[in-house]
Amino acid sequence: FAVASRLPVEAKITRTTTKYALRRALEPIVPAHVLHRPKLGFPVPIRHWLRAGELLEWAYASVDASQAGHLVDLAAVRRMLDEHRNGVSDHSRRLWTVLIFMLWHAIFVEHSVVPQISEPQYPVEL
Numbered sequence: 001f002a003v004a005s006r007l008p009v010e011a012k013i014t015r016t017t018t019k020y021a022l023r024r025a026l027e028p029i030v031p032a033h034v035l036h037r038p039k040l041g042f043p044v045p046i047r048h049w050l051r052a053g054e055l056l057e058w059a060y061a062s063v064d065a066s067q068a069g070h071l072v073d074l075a076a077v078r079r080m081l082d083e084h085r086n087g088v089s090d091h092s093r094r095l096w097t098v099l100i101f102m103l104w105h106a107i108f109v110e111h112s113v114v115p116q117i118s119e120p121q122y123p124v125e126l
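Just so it is clear: in the sequence shown, position 14 is 14 by this note's numbering, and no numbers are missing.
Since the hints were derived computationally from the structure, they do not count as laboratory data. Wrong hints could be hidden among the right ones.
Unchecked claim - Quick list of simulated restraints, FRET-style, between CB atoms:
#1 T17 with E54: 38 to 44 Å
#2 V88 with I117: 35 to 41 Å
#3 A11 with V88: 47 to 53 Å
#4 L40 with Y60: 30 to 36 Å
#5 G53 with A2: 41 to 47 Å
#6 L40 with T14: 19 to 25 Å
#7 R23 with V44: 46 to 52 Å
#8 R78 with V44: 19 to 25 Å
#9 Q121 with D64: 32 to 38 Å
#10 G53 with I107: 18 to 24 Å
The C-beta atom is built at its ideal place from N, Cα and C for all residues, glycine as well.
Hey, can you work out the whole structure from these sequences and the hints?
Structure follows, in structure tokens:
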């Protein structure tokens, strides 16, 4: 950070390239097709997790326990879960959005879920 903060903006960003200085510094090490590829998101395999296993079980349990039926068509969410699980359709993005909304509703509106967040453990005394 100390080095980057001292670089002029023109050395860090051009009209077409972000992280310009970093990319130039890595040219001898990183292959060009990796260095100059378009920016990628951080992929999470929600699509696969919602087909089987604990996340799918949690999703069905969340729909069954939800008190958000006046805001969300819970029968439609169950149908989407069924279709997604059976490979009929990829509803992963829609399902994730509605499931996280239902979790928020359970925590902050229904007060039926209490987040279990443990105290952080640090390797040294703070």
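Now for the hints, and whether the structure bears them out:
The supplied range of 38 to 44 Å is met by T17 and E54, whose beta-carbon atoms lie about 42 Å from each other. As the Cβ distance of V88 to I117 is approximately 36 Å, the hint placing it in 35 to 41 Å holds. Between A11 and V88, the C-beta spacing of about 52 Å keeps the proposed range 47 to 53 Å intact. Taking 30 to 36 Å as the suggested C-beta distance range, the pair L40 and Y60 conforms, at roughly 31 Å.
For G53 paired with A2, a C-beta distance near 45 Å keeps the hint of 41 to 47 Å intact. The hinted window of 19 to 25 Å between L40 and T14 holds, with their beta carbons roughly 20 Å apart. Checked against the hint of 46 to 52 Å, the pair R23 and V44 fails, with Cβ atoms roughly 26 Å apart. As the Cβ distance of R78 to V44 is approximately 23 Å, the hint placing it in 19 to 25 Å holds.
Range check, Q121 to D64: about 34 Å between beta-carbon atoms, so the 32 to 38 Å window is met. Between G53 and I107 the C-beta distance comes to about 23 Å, which sits within the given range of 18 to 24 Å.
The structure is inconsistent with hint 7 alone, although it conforms to all the rest.
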